[in-house]
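Enquirer: Protein chains in written order, with the working numbering: chain F, 8 to 160; chain R, 8 to 199.
To be clear, the hints were calculated from the coordinates, so they are not data collected in a lab. As the structure is a computational prediction, the values presented were derived from the model and not from experiment. Don't take each hint at face value.
In silico DSSO-like cross-links for lysine-lysine, where the CA-CA straight-line distance does not exceed 30 Å [to be verified]: (1) R/LYS172 x R/LYS127; (2) R/LYS172 x R/LYS125; (3) R/LYS172 x F/LYS119; (4) F/LYS119 x F/LYS152; (5) R/LYS127 x R/LYS195; (6) R/LYS195 x F/LYS145; (7) R/LYS195 x R/LYS172; (8) R/LYS142 x R/LYS172; (9) R/LYS195 x F/LYS119.
In silico contact screen, one side only, chain R against chain F (beta carbon under 7 Å); selected entries [said to hold, decoys possible]: (10) ARG47; (11) ARG52; (12) ASN54; (13) PRO56; (14) LEU59; (15) ALA62; (16) GLU68.
Cβ coordinates follow ideal geometry from the N, Cα and C atoms, glycine included.
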Amino acid sequence: MSTSNRPFLGVFVGVLLVVMLGGVGLAWSVHRAGMLEIDVCSDDVDLRGFRVPAAFANAALWFVPSSVFNCADMEFELWGDLVAEACDELRRCPDFTMVHITSDHEYVQVRKEGDALVVDVEDDQDAVHVSVPLSTAKAFIKKVKASQDWDRS
Amino acid sequence: MYKACKYLAVLAAVLVLAGSAGAGNRDQWLHIVVEEDGHRGETVRVNLPFQLLEALAPLIETGHSRHDDIWISGGRIHIHCGDFEDLDLRAMVEAVRDAPDAEYITVDSDYESVRVAKEKGNLLIRAEDGDETVKVTLRLDVIDEMLSEGENELDLQAMVAALGKHGEGEIVRVEGGDELVRIWVDSKSASD
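Kindly produce the complete structure, drawing on both the sequences and the hints.
Expert: Okay, here's the thing in structure tokens:
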């Protein structure tokens, strides 16, 4: 290798390292944020295996127009901060089943699993499984709150 | 040197005790179970860690209008109804705490009976009405904590903290017809 190529090679290796480290960091943060999972199986809807990395869902929320969240009302004003705090505090809690409802025809379970809130509902006709990463829930709350603040100003 | 070691040992013991007291509170769980007989036979189980309850208590806001008698705001339960405003709850609790264990209130009629007693540091309330029985067991420490400095209000945040610290055991039991409701505190994350 000629000595004139050395600086170019150094820059190339440096850029490659930065890109690789960035990629690893991005992959790690996407993995850490978890997946938004939705499975719905009923007479009318059949949506199985819907999976979106939470990091992408969180990022996508920023592009949703504020007008979409205009439906938020006084109730959100009262409970928004509480839900946001619950998202933070739940991450620090161990895994547990928060709500469990059983009857002859129905089964509902809400549990904290890792960094996600998982909801399973089953009855005679429908089965729904939703896993929402707590970071996505928090991002959603923040988005609604920001759109409300923006509306007020 | 010996003295310094002794102080260090005492300091370490205090830190360990303080840590375990905090951890104990954080390890406690509130359980609510509603069991229904009958053809639907529905069972509802709710499990909540005190760690979560303590963080959320100050943020509970029910909102209120001027017609409301009771509302929750800023970690406090505000009560503004005529009968309650005339009561000196703190004086009542202090009087009960200093009194010996006994049954203090007994109301009997054809339709219902109510008993209020003090037993081993607990306030026991038992009400029977037809086929429904309500039993409430509250530690006086917890009641004491929830009586805040302000008038006509109860400190919800302090009550949650005190329940997690002292309240292990059954708090509410309602048995009626084909339904059983239980609320209790223990260190298990599940209510099975």
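Enquirer: It remains to establish, for every hint, whether it holds in the given structure.
Expert: Verification of the hints:
1. Taken as a hint, the R/LYS172 and R/LYS127 pair is honoured in the structure, with Cα atoms around 17 Å apart against an allowance of 30 Å.
2. Distance check on the hinted pair: R/LYS172 and R/LYS125 sit about 20 Å apart at the alpha-carbon level, within 30 Å; holds.
3. Between R/LYS172 and F/LYS119 the CA atoms are separated by roughly 24 Å; this keeps the pair inside 30 Å, and the hint holds.
4. Among the hinted pairs, F/LYS119 with F/LYS152 is consistent with the structure: their alpha-carbon atoms are about 24 Å apart, no more than 30 Å.
5. Taken as a hint, the R/LYS127 and R/LYS195 pair is honoured in the structure, with Cα atoms around 24 Å apart against an allowance of 30 Å.
6. Annotation: proposed proximity of R/LYS195 to F/LYS145 holds, straight-line Cα distance about 28 Å (limit 30 Å).
7. The suggested pairing of R/LYS195 with R/LYS172 holds, with an alpha-carbon distance near 14 Å, which does not exceed 30 Å.
8. Our distance criterion of 30 Å between C-alpha atoms is met by R/LYS142 and R/LYS172, whose separation comes to about 21 Å.
9. At most 30 Å may separate the alpha-carbon atoms for a hinted pair to count; R/LYS195 and F/LYS119 meet this at roughly 15 Å.
10. Hint on R/ARG47 holds. Least Cβ distance to chain F is approximately 5 Å, under the 7 Å limit.
11. With a cut of 7 Å, the hint placing R/ARG52 at the interface with chain F holds, because the nearest CB-to-CB distance is about 4 Å.
12. The closest approach between the C-beta of R/ASN54 and any C-beta of chain F is roughly 6 Å, which is under the 7 Å cut-off, so the hint is satisfied.
13. Because the beta carbon of R/PRO56 sits about 5 Å from the nearest beta carbon in chain F, less than 7 Å, this interface hint is met.
14. Residue-level restraint check for R/LEU59 holds (minimum Cβ-Cβ distance to chain F is 5 Å; threshold 7 Å).
15. Here the hint on R/ALA62 is kept, as its CB sits about 4 Å from the closest CB of chain F, short of 7 Å.
16. A distance limit of 7 Å between C-beta atoms decides the matter here; for R/GLU68 the minimum to chain F is near 5 Å, and the interface restraint holds.
The structure agrees with every numbered hint stated previously.
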